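Peer 1: Each chain, written out:
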Amino acid sequence: MSAVELKGWEGSFPAGLLSPSDIMMLRNVRSFVEAEVLPRRRDLEASTRSGGRDYEDMLARMVPLGLQGCTLPEERGGGGVSSALTLAALAEELGRGDASLGWAALCGEAALRPAVRAGNVEVLERLAPPLCGDAPFTGALALFEESGCSGLEESGQWYPALGTRAAPADGRWELNGRKDRVTNSMRAGFFCVAAAAEEGEGEGGIGLFYLIPPLEGLAGAGERDMGGLRGAQLGDIELKGVRVPSAFRAAGPEEDTALLEDAQALARLLAAALAVGAGLGALHEALEFSAERPAAGKPIRQHSVCAAILADAASSLQAARDCYASAAAFLDRNTAEDAPGHQALARASLAKLFCCRAAVEATNRCMELMGSYGYVSDYHIEKYWRDAKLLQLMEGGTYAARLDGARWLYPFDPLFPNPLYEEMAGEGA
Amino acid sequence: MKDQELFPFPRGRVQEADLSLASSLREMMEREVAAKRLEMKEDYEGLLRPALRRALCETGLQRMMWPQHLGGEGHELHLAPYTVAAALEQLGRADTGLAVWAACGMSLQAVLCGRAEGDGLCERLAPLFRDEGDPLLISFILPVYGEGGDGALWQGRRLQVTAERTDKGWRLNGKAVRPLPGGLDAGLFGALCAVEGEKEPAFLIIPGDVQGLKRGPRLRATGLSACRQAELDLDEAEVPADACAWRGDAETRRLFCWYRLGMAAAASGALLAAHGIIAEWGDNRVIKGQGRLFKNNPLTASVMGEAAQETAVVRLLAYDLAEMLAEAEMRGEAGSERLEAYSLLLAHQALAAAERVLHRIMELMASAGYAKEWQLERYWRDVKTVQCQLGCVELARHALARWFFGSEGL
Numbered sequence: 001m002s003a004v005e006l007k008g009w010e011g012s013f014p015a016g017l018l019s020p021s022d023i024m025m026l027r028n029v030r031s032f033v034e035a036e037v038l039p040r041r042r043d044l045e046a047s048t049r050s051g052g053r054d055y056e057d058m059l060a061r062m063v064p065l066g067l068q069g070c071t072l073p074e075e076r077g078g079g080g081v082s083s084a085l086t087l088a089a090l091a092e093e094l095g096r097g098d099a100s101l102g103w104a105a106l107c108g109e110a111a112l113r114p115a116v117r118a119g120n121v122e123v124l125e126r127l128a129p130p131l132c133g134d135a136p137f138t139g140a141l142a143l144f145e146e147s148g149c150s151g152l153e154e155s156g157q158w159y160p161a162l163g164t165r166a167a168p169a170d171g172r173w174e175l176n177g178r179k180d181r182v183t184n185s186m187r188a189g190f191f192c193v194a195a196a197a198e199e200g201e202g203e204g205g206i207g208l209f210y211l212i213p214p215l216e217g218l219a220g221a222g223e224r225d226m227g228g229l230r231g232a233q234l235g236d237i238e239l240k241g242v243r244v245p246s247a248f249r250a251a252g253p254e255e256d257t258a259l260l261e262d263a264q265a266l267a268r269l270l271a272a273a274l275a276v277g278a279g280l281g282a283l284h285e286a287l288e289f290s291a292e293r294p295a296a297g298k299p300i301r302q303h304s305v306c307a308a309i310l311a312d313a314a315s316s317l318q319a320a321r322d323c324y325a326s327a328a329a330f331l332d333r334n335t336a337e338d339a340p341g342h343q344a345l346a347r348a349s350l351a352k353l354f355c356c357r358a359a360v361e362a363t364n365r366c367m368e369l370m371g372s373y374g375y376v377s378d379y380h381i382e383k384y385w386r387d388a389k390l391l392q393l394m395e396g397g398t399y400a401a402r403l404d405g406a407r408w409l410y411p412f413d414p415l416f417p418n419p420l421y422e423e424m425a426g427e428g429a
Numbered sequence: 001m002k003d004q005e006l007f008p009f010p011r012g013r014v015q016e017a018d019l020s021l022a023s024s025l026r027e028m029m030e031r032e033v034a035a036k037r038l039e040m041k042e043d044y045e046g047l048l049r050p051a052l053r054r055a056l057c058e059t060g061l062q063r064m065m066w067p068q069h070l071g072g073e074g075h076e077l078h079l080a081p082y083t084v085a086a087a088l089e090q091l092g093r094a095d096t097g098l099a100v101w102a103a104c105g106m107s108l109q110a111v112l113c114g115r116a117e118g119d120g121l122c123e124r125l126a127p128l129f130r131d132e133g134d135p136l137l138i139s140f141i142l143p144v145y146g147e148g149g150d151g152a153l154w155q156g157r158r159l160q161v162t163a164e165r166t167d168k169g170w171r172l173n174g175k176a177v178r179p180l181p182g183g184l185d186a187g188l189f190g191a192l193c194a195v196e197g198e199k200e201p202a203f204l205i206i207p208g209d210v211q212g213l214k215r216g217p218r219l220r221a222t223g224l225s226a227c228r229q230a231e232l233d234l235d236e237a238e239v240p241a242d243a244c245a246w247r248g249d250a251e252t253r254r255l256f257c258w259y260r261l262g263m264a265a266a267a268s269g270a271l272l273a274a275h276g277i278i279a280e281w282g283d284n285r286v287i288k289g290q291g292r293l294f295k296n297n298p299l300t301a302s303v304m305g306e307a308a309q310e311t312a313v314v315r316l317l318a319y320d321l322a323e324m325l326a327e328a329e330m331r332g333e334a335g336s337e338r339l340e341a342y343s344l345l346l347a348h349q350a351l352a353a354a355e356r357v358l359h360r361i362m363e364l365m366a367s368a369g370y371a372k373e374w375q376l377e378r379y380w381r382d383v384k385t386v387q388c389q390l391g392c393v394e395l396a397r398h399a400l401a402r403w404f405f406g407s408e409g410l
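For the record, the sequence lines run as chains A and E.
Under the numbering used here, think of the first position of the first sequence as 1, with each following residue one higher.
Under the numbering used here, think of the first position of the second sequence as 1, with each following residue one higher.
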């Protein structure tokens, strides 16, 4: 069975959307995934249980691929990849191998994006050498905080949800607070941190700050033990009187809010594409299993009922790929035309919603198809299943994605005044 | 309100003794598992073995259905399904794997215990079930699909073990055999075997320490950490002639009906646990900016309502199956094709509902939904594993089409 057509972003995206150099990078990443990641995907995750460093080794081996700093402008020595579509296609390729590896590698590009878009020379000059160096160096977005309300509090209303504060101090910014669910929490070479910077300014008062460890007062507060994506090192960081130069704020009032939404849009888009990759990985596993294994006298996949399940998975994943590609194209246009950031965030959120659902459903059905072979780790499908679900839950989860997605249709406001509720609350008091 | 009041037992069906057992198990599991989860998070499996011993041995579940003359409790089969549902629900509430082990043991008890006095197999096995020091873990070696070779098929699936008659009994062979729910720790195996030169398979009881049985290394699995997986090789393993518990499909179907009742109860238990987790969440989380409790947000309340609805329905399904099985046992029809079809239908429905609700609640809890500290993701992995162990949903649908429409299926 050839599964080439399933890998074919070449055949999925309209001609010309990807530049020749981007296509070359995509092909290199695919070759790497097939040669290096797919044969080791079980060991990669297993190593996290025994304190091994397999993910670190793999990230080091990925440096020559040029993913690291690929969105850094060429004049600063970076790859100059500006297309969200290219990044998403790269994420899909990596997700087919190991979604947590893909997220660990690409999350830094989402974290770098505000500085690139704002043209923040100080930040870019500081980060360019390690990003363009030979050693692994990645970053992380540090946006979320302990709230645990499905991201409901963050939809269009980031400011009230921010407990992390930034205040001017001796010509610098001093940050205090705690961020959770931070990717690469123990390995990040830089963090892009969201904090409330201007009191009373509402959404416009959000600041994005670049923190480059080691920094006094900045400490990892432990990695989360999770059901999947174990290589992504999701964990917490603590900020106690962390001081950064004033120039390490991405842009400034109002602009940082738009940059945050834009960075979040890219992060959700990447999660969507990683999920498609994980779904495709599961589909490949099921295709191979059902080709080799018989049931009632013939290969499993030669039974019509199995073929229908595989076709369902393929159709939903192909539709999901089209969906993220469309959102990526919107994000790219948004960058060019400087349209409102929340529109791009809404499109990316809808793409994440759809792609993750498709991936969860596809991995679920493929796993069921493999019966009692589906849940043991000598096959890889159970890892794709776990990773797909975690991709769905991270970066705001499905509820935040739905509410942010609604903002594409109309100006949804979770804090829309409700006199009746206020009256009832008053009576209760 | 506590969940016992929110999701009451169907009292018309469940006896006081069952309620008392369920209450004891609930307290025991709260103490032995729930209260120790955090302190034992690095060795969660180490927490389960003592809990299993207490649940199976100390409460008498392990010997509940054995006749009194063999040292059992002599619980009547037409009443036992309710006891199984009530007990396994509480075990499943603590950990799905505990309920799965108990389901296997109680299924085999149910099918074996009605045998005549003086039956050699039962007299040999009964002391194992009476052991109060160590739980007797039973795994089944059932036909699987996806296996090649020339071996015999049973309902389109490959029988994993072949049995050959010898002067002394049976000689067994099988390579890379996969017992359910787990092969590493089981002390006794029940295997549906292909019999050389005969069409009808035989259900043989195989001691875990029989010579010629070799266990492979542990296989890592998505869920059910209580049920450690391993493949077995059976190389000329010999068991006595009376190790054959039964021939024919009726008793096999009966075993499946009891096992599926256990799975439905385990699903109900997982949902009750999930209800507790999301209820605590809804009561204590405040949505920043809105200043409202999580449970007061209309969007989240809608999902919480849906979760409660499914939890209540799954519970009713589990007790419906218990009632059907109880009536069938009373009439001697527990091995009927009709009951087997319904047990399949109800168990799959319960597990599918549990899976759906766990997905929805995980989404509701977003990043906390996948963090192990909140336990929810463990139930999600466990329920999916149980669902896979129960067999592919599509195959189940074929079996149902065969019963309801006379379809040939695969």
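No lab work stands behind these hints: they were computed from the structure.
Accuracy of the hints is not assured; some may be wrong.
[Stated by the list, open to error] Calculated cross-link-like contacts (lysine-lysine; reagent style DSS-like; alpha-carbon spacing at most 25 Å):
(1) LYS372/E - LYS298/A
(2) LYS199/E - LYS168/E
(3) LYS240/A - LYS199/E
(4) LYS295/E - LYS2/E
(5) LYS295/E - LYS372/E
(6) LYS199/E - LYS175/E
(7) LYS298/A - LYS175/E
(8) LYS288/E - LYS41/E
[Unchecked claim] Computed list of chain A residues with no C-beta within reach of chain E, every gap over 12 Å:
(9) ILE23
(10) ARG53
(11) PRO136
(12) PRO160
(13) GLY397
(14) ALA401
Just so we're clear, the structure is a prediction, and the values are computed from it rather than from any experiment.
In this text, a Cβ means the ideal position worked out from N, Cα and C, and glycines have one as well.
Peer 1: So, for every hint listed, does it hold in this structure?
Peer 2: For each hint, the structure was consulted:
no.	hint	result
1	LYS372/E - LYS298/A	violated, 41 Å
2	LYS199/E - LYS168/E	holds, 21 Å
3	LYS240/A - LYS199/E	violated, 75 Å
4	LYS295/E - LYS2/E	holds, 16 Å
5	LYS295/E - LYS372/E	holds, 22 Å
6	LYS199/E - LYS175/E	holds, 21 Å
7	LYS298/A - LYS175/E	holds, 21 Å
8	LYS288/E - LYS41/E	violated, 30 Å
9	ILE23	holds, 34 Å
10	ARG53	holds, 20 Å
11	PRO136	holds, 25 Å
12	PRO160	violated, 3 Å
13	GLY397	violated, 3 Å
14	ALA401	violated, 10 Å
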